[in-house]
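*Asks:* One-letter residues, chain by chain:
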Amino acid sequence: MSITMRDAFGQALTELHNDPRIIVLDADLGKATRAINFKKVCPERFLDMGIAEQDMIGTAAGLAICGKIPFATTFAVFATGRAFEQIRNSVAYPKLNVKIAATHAGITVGYDGGSHQSVVDIALMRSLPNMVILQPADAIETKQAIYASIEYYGPVYIRLSRIATPVIHDPNYKFKIGKAEVLRKGKDVAIIATGIMVSKALEAADKLQAEGIKATVVNVPTIKPLDREVIIKVAQETGKVVTAEEHSVIGGLGSAVCEVLAEEMPTKTKMLGIQDRFGCSGSPDELLKHFKLTVEDIVNAAKY
Amino acid sequence: MDLLEFRKITQQIRVNIIEMVAAAGTGHPGGSLSIVDILTVLYFDKMRLRVEEPKWEERDRFILSKGHAAPGLYAVLAERGFFPKKTLMTLRKFNSILQGHPDMKNTPGVDMSSGSLGQGLSVANGMALSGKLDAKDYRVYVMVGDGEIQEGQIWEAIMTAAHYKLDNVTMFVDHNGLQINGPNDRVMGIKPIKEKLLAFGWYVMEIDGHTMQEISEAIDKAKMLKGKPTAIIAKTVKGKGVSFMENQVDWHGVAPNQEQKHQAIAELEGTL
Numbered sequence: 001m002s003i004t005m006r007d008a009f010g011q012a013l014t015e016l017h018n019d020p021r022i023i024v025l026d027a028d029l030g031k032a033t034r035a036i037n038f039k040k041v042c043p044e045r046f047l048d049m050g051i052a053e054q055d056m057i058g059t060a061a062g063l064a065i066c067g068k069i070p071f072a073t074t075f076a077v078f079a080t081g082r083a084f085e086q087i088r089n090s091v092a093y094p095k096l097n098v099k100i101a102a103t104h105a106g107i108t109v110g111y112d113g114g115s116h117q118s119v120v121d122i123a124l125m126r127s128l129p130n131m132v133i134l135q136p137a138d139a140i141e142t143k144q145a146i147y148a149s150i151e152y153y154g155p156v157y158i159r160l161s162r163i164a165t166p167v168i169h170d171p172n173y174k175f176k177i178g179k180a181e182v183l184r185k186g187k188d189v190a191i192i193a194t195g196i197m198v199s200k201a202l203e204a205a206d207k208l209q210a211e212g213i214k215a216t217v218v219n220v221p222t223i224k225p226l227d228r229e230v231i232i233k234v235a236q237e238t239g240k241v242v243t244a245e246e247h248s249v250i251g252g253l254g255s256a257v258c259e260v261l262a263e264e265m266p267t268k269t270k271m272l273g274i275q276d277r278f279g280c281s282g283s284p285d286e287l288l289k290h291f292k293l294t295v296e297d298i299v300n301a302a303k304y
Numbered sequence: 001m002d003l004l005e006f007r008k009i010t011q012q013i014r015v016n017i018i019e020m021v022a023a024a025g026t027g028h029p030g031g032s033l034s035i036v037d038i039l040t041v042l043y044f045d046k047m048r049l050r051v052e053e054p055k056w057e058e059r060d061r062f063i064l065s066k067g068h069a070a071p072g073l074y075a076v077l078a079e080r081g082f083f084p085k086k087t088l089m090t091l092r093k094f095n096s097i098l099q100g101h102p103d104m105k106n107t108p109g110v111d112m113s114s115g116s117l118g119q120g121l122s123v124a125n126g127m128a129l130s131g132k133l134d135a136k137d138y139r140v141y142v143m144v145g146d147g148e149i150q151e152g153q154i155w156e157a158i159m160t161a162a163h164y165k166l167d168n169v170t171m172f173v174d175h176n177g178l179q180i181n182g183p184n185d186r187v188m189g190i191k192p193i194k195e196k197l198l199a200f201g202w203y204v205m206e207i208d209g210h211t212m213q214e215i216s217e218a219i220d221k222a223k224m225l226k227g228k229p230t231a232i233i234a235k236t237v238k239g240k241g242v243s244f245m246e247n248q249v250d251w252h253g254v255a256p257n258q259e260q261k262h263q264a265i266a267e268l269e270g271t272l
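Residue numbers (full-length UniProt numbering), protein chains in the order written: chain X, 1 to 304; chain V, 1 to 272.
To be clear, the hints were calculated from the coordinates, so they are not data collected in a lab. Remember, predicted model here, so these are calculated numbers, not experimental data.
One side only, chain X facing chain V, incomplete, derived with CB under 10 Å:
#1 R45
#2 L47
#3 A52
#4 E53
#5 D55
#6 M56
#7 G58
#8 A60
#9 G62
#10 L63
#11 N89
#12 Y93
#13 P94
#14 L96
Built from N, CA and C at the ideal position, the CB exists for glycine as well.
Between the sequences and the hints, there should be enough to build the whole structure, so can you do that?
*Replies:* If you want it as structure tokens, here you go:
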């Protein structure tokens, strides 16, 4: 079964509409992000901000100061890029309770092309003190991440993809901010993945198993704060790490993992991700192949 | 507050600004001196607040969007009793609650962190929207600089305030005509401010930003105006009250030395 994270996001917001603290702000992309679903059940707490991301973030900051839990929603490229300095100074610096929920992350935006493909947003958000970064792997985890972000007080960046991803979690799954999830245990290599790459990592582990290579697969839904303990442990157990993400290898999950390992457990690591390039138009599958983010690419990387 | 009282308070606040910036050896005296009179009317007369409970939910809010005028805000807050006046002498020093630019996490009475220009009105709108949603009657005041309105985000927020009919928002434009590189007109023309704001759907008033009665009446009138936000364009003098600083662009971000400090304080104390 495959459900898109943005649909799960729209559903989660809709289910939570009775919480009077929740306000949804939209920069004219609510139909695509699914934030518009909230408007249908709760028009009074849905705020059209127009095509003005900087103002949207600032408005969210003011709402948060007054006790609201604002979800500022738009595409990842605009949320983190266009409004970066507003996020820095009006949200992260005063540590306000603003949730930035961005869809259309990564290259699988597809046909819209490089202008719309967000490949550096994790790097931008990781660099900000006080910022928590969540990137769920499927629809169930998306909903859980939304719930967890509400329980947590402070700025959270929630990074969601546009395309449908296989559901890998049980409906009773409980998400905890800051915890990585070991989905499979193996002694030969640890594949550490986030977002849409997690289900691909599981598939890759199956293929490796057929070749006699036993892989650990780790899902990292909280990119910041990173679960250092699990990262160190799986590196120690396997001595060989592969990271996989739909984001630049500069400043994303791979960088974060390498930062921990370099200090704590130097381990040879292969980073799968966008290799310091912008995206381009094409179908999601074409682009994943072009940027070497397929199951086969993970299998090959695990065999280096 | 009568006129004599107003003059005493504003004189003391101006002296404090000079002393604190001189003690820091760094800071922005010009734009701090230009906003003193407006802030004094707000904090000593018009705003609903509780000094002993700075985060009181029903309070009126104030955002100093032109955050570099922090010494002006700090001096007013200290004079009003939010923290001891001796704290002013720690301005910009390591471990001080008085950061170089306003920091809501550190300073009692500061409602929003600011400093990066152009962001305060958006935040004010968020506070005002929250108040409307909760049927609360607090008001939100925001002070922007005239140079600051060159920032694009300000105009996004001006649209938002009008769109959502935020009549609980009052924006002061501290119109002293100067910014770092010189007169606004020469750096990047912003005129006509009034007509632009009217075209964006705001009520607009123009006042002398140093006259107690005009400031006071404008604030009262803004409270009565419904269905739209109000902008009060306050004609001010950068460096107001200190002869050698007045209308001098070079006093935007320079601290007075000891001699200049003594001269400035002597002048201020002689005006009463």
